[in-house]
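S.K.: Here the protein sequences come in this chain order: X and S.
Numbering-wise (this note's numbering), the first sequence opens with residue 1 and increments by one.
Numbering-wise (this note's numbering), the second sequence opens with residue 1 and increments by one.
These are computed hints drawn from the structure, not numbers from a lab.
Watch out, some of these pointers could steer you wrong.
[What the hints assert, rightly or not] Here's a subset of chain X near chain S, in silico, CB distances under 8 Å, partners left out:
hint, residue
1, Asp71
2, Lys72
3, Pro74
4, Ile91
5, Asp100
6, Ser102
7, Glu103
8, Phe107
9, Phe165
10, His168
We treat Cβ as the ideally placed atom computed from N, Cα and C, and that holds for glycine.
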Amino acid sequence: MEENSVRKTVDLFLIGGSAGSLQVLFSLVPQLSASLSFAMVIVLHRGNFSDSSLSDLLSSKTPLPVREVEDKDPVQPGNIYLAPADYHLLIERERTFSLDYSEKINFSRPSIDVTFESAAEIYKSSLAGLLLSGANDDGTKGLGKIKSAGGITIVQDPETAQMPFMPHHAIHHTLVDHVLNVREMAGFINALHGG
Amino acid sequence: MIDDEDVDLLLTDLLDIYGYDFTSYSRASLKRRIVRLCTLDKFPSFAELRYKVRSDPGYLKRFVEEVTVNVTEMFRDPPFYRSLRDDVLPVLATKPFIRIWHAGCSTGEEVFSMAILLKEANLLRKSLLYATDLNPGVLDKVRKGIFALNYMKQYSESYIASGGTHDFSQYYTANYGQAKFDHELSEKIIISTHNLVSDSSFNEFDLILCRNVLIYFDKDLQDRVLKLFDESLSPLGYLALGTKETLKFSAVQHKFQQLNREKIWKKIV
Numbered sequence: 001m002e003e004n005s006v007r008k009t010v011d012l013f014l015i016g017g018s019a020g021s022l023q024v025l026f027s028l029v030p031q032l033s034a035s036l037s038f039a040m041v042i043v044l045h046r047g048n049f050s051d052s053s054l055s056d057l058l059s060s061k062t063p064l065p066v067r068e069v070e071d072k073d074p075v076q077p078g079n080i081y082l083a084p085a086d087y088h089l090l091i092e093r094e095r096t097f098s099l100d101y102s103e104k105i106n107f108s109r110p111s112i113d114v115t116f117e118s119a120a121e122i123y124k125s126s127l128a129g130l131l132l133s134g135a136n137d138d139g140t141k142g143l144g145k146i147k148s149a150g151g152i153t154i155v156q157d158p159e160t161a162q163m164p165f166m167p168h169h170a171i172h173h174t175l176v177d178h179v180l181n182v183r184e185m186a187g188f189i190n191a192l193h194g195g
Numbered sequence: 001m002i003d004d005e006d007v008d009l010l011l012t013d014l015l016d017i018y019g020y021d022f023t024s025y026s027r028a029s030l031k032r033r034i035v036r037l038c039t040l041d042k043f044p045s046f047a048e049l050r051y052k053v054r055s056d057p058g059y060l061k062r063f064v065e066e067v068t069v070n071v072t073e074m075f076r077d078p079p080f081y082r083s084l085r086d087d088v089l090p091v092l093a094t095k096p097f098i099r100i101w102h103a104g105c106s107t108g109e110e111v112f113s114m115a116i117l118l119k120e121a122n123l124l125r126k127s128l129l130y131a132t133d134l135n136p137g138v139l140d141k142v143r144k145g146i147f148a149l150n151y152m153k154q155y156s157e158s159y160i161a162s163g164g165t166h167d168f169s170q171y172y173t174a175n176y177g178q179a180k181f182d183h184e185l186s187e188k189i190i191i192s193t194h195n196l197v198s199d200s201s202f203n204e205f206d207l208i209l210c211r212n213v214l215i216y217f218d219k220d221l222q223d224r225v226l227k228l229f230d231e232s233l234s235p236l237g238y239l240a241l242g243t244k245e246t247l248k249f250s251a252v253q254h255k256f257q258q259l260n261r262e263k264i265w266k267k268i269v
């Protein structure tokens with residue numbers, strides 16, 4: 001019974017992170033199940049010219065296909081997608097990605113809020129969002145949107161974050177369902193299943 | 001809160017009253033821009049924004065300017081500009097006359113970047129750069145050739161990363177926090193409104209640049225616009241898109257060959 005309430009059906013799992021979250025991803029990604037039944041999208045604040053190396057690095061740590069999004073790619077289960085540097089990443093009704101080069105939000109492009117909010121509109125309750133370490137408040141509004149659309153909201157335990165500001169800010173300004181340390185995250189994600 | 005039906009109503013208004021067709025724009029991005037405008041201009045509800053748009057033609061200009069994205073920069077993606085210098089301009093140099101179209105040029109930073117490339121390749125004198133956008137407001141900025149001085153440091157770095165060897169500051173005069181680009185560059189730029197959604201081809205070009213415009217369009221409109229570009233390109237002409245845009249899966253794909261890793265294609269049929 002308890003398990004059923006935790007194990008909701010998820011079609012998309014979003015991860016947002018800024019300063020200090022790369023290490024978390026590098027330890028999390030190898031522990032993910034080799035056959036995720038939902039899609040995963042990673043939105044990371046990073047420099048403009050770091051382009052393809054990050055997807056290569058993540059790719060070397062998991063059998064799951066990892067790729068940087070190109071405009072109008074369809075969102076398909078079992079893939080890990082990375083928001084490209086210097087573009088906002090949004091999701092369309094027909095479950096395809098679209099990119100946007102508009103103003104920075106929270107001094108960031110890609111902005112975590114932009115992706116989280118746009119995904120919440122499309123995926124409603126079949127969405128989960130995880131916010132990692134970071135030094136600004138990007139992501140809090142997005143998690144709020146996910147929560148009010150009926151999705152699952154998770155943040156990294158600020159105690160374990162190199163930059164606790166971002167998860168801390170989310171905990172204090174929106175309803176967070178789970179606060180997890182890095183070890184717990186993989187187990188949690190692997191226990192979710194797609195629709 | 002604005003729902004999808006509200007957006008549909010507004011887009012129908014714009015098309016019926018003013019002839020602006022945004023119905024094939026990527027909806028997620030467009031909706032976010034409309035919500036942003038509602039906040040910026042402090043409309044208490046969506047209905048009041050809609051009323052303003054319907055009843056005040058003067059407000060339309062602001063609406064179009066704010067809802068379309070006009071963020072651009074000079075020498076954006078330096079490796080792309082390096083490829084233009086090294087791979088494209090030497091081929092165009094063999095032509096008696098060079099016509100280049102910057103479609104959806106916004107405030108024109110990329111048009112001036114191109115004019116600088118042409119000048120350095122000794123091609124500017126025999127070139128014409130057509131700068132078009134659907135938005136008359138941004139074209140005024142292209143016409144003036146004035147950009148904020150505080151961006152020049154970054155632009156200068158991108159210029160050098162693109163293979164530029166001159167002193168970037170020689171191309172503009174700094175005054176009161178603004179950089180005005182040389183008349184020699186702007187006199188080769190022809191400025192006109194053109195709506196990629198509704199307007200047809202108006203010339204034949206050797207190179208068309210349309211960078212980070214197609215991302216705002218849905219798949220069908222992307223296909224229509226790519227067809228328009230195909231019709232507007234001379235045989236063996238070049239088409240350049242943004243770094244995350246592609247000809248892959250488009251109807252004209254088989255007519256083009258990608259040059260290298262940069263998003264530049266050569267028309268082969």
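S.K.: A separate judgement is required for each hint: does it hold in the structure or not?
M.R.: Status of the hints after comparison with the structure:
With a cut of 8 Å, the hint placing Asp71 of chain X at the interface with chain S holds, because the nearest CB-to-CB distance is about 5 Å. This hint holds: Lys72 of chain X has a C-beta 6 Å from the nearest C-beta of chain S, less than the 8 Å allowed. A least Cβ separation of about 11 Å between Pro74 of chain X and chain S goes past the 8 Å threshold, and the interface hint is therefore violated. Of the supplied interface hints, the one on Ile91 of chain X holds, with its beta-carbon coming within about 6 Å of a beta-carbon of chain S, less than 8 Å.
The closest approach between the C-beta of Asp100 of chain X and any C-beta of chain S is roughly 4 Å, which is under the 8 Å cut-off, so the hint is satisfied. Given hint, Ser102 of chain X at the interface with chain S, holds; its Cβ is 4 Å from that chain's nearest Cβ, closer than 8 Å. Checking Glu103 of chain X against chain S: minimum C-beta separation of about 6 Å stays under 8 Å; hint holds. The restraint placing Phe107 of chain X at the interface with chain S is violated, with a minimum CB-CB distance near 14 Å, outside the 8 Å limit.
Checking Phe165 of chain X against chain S by beta carbon gives a least distance of about 25 Å; that is not within 8 Å, so the hint is violated. The criterion of a C-beta within 8 Å of any C-beta in chain S is not met by His168 of chain X, whose closest approach is roughly 26 Å, and the hint is violated.
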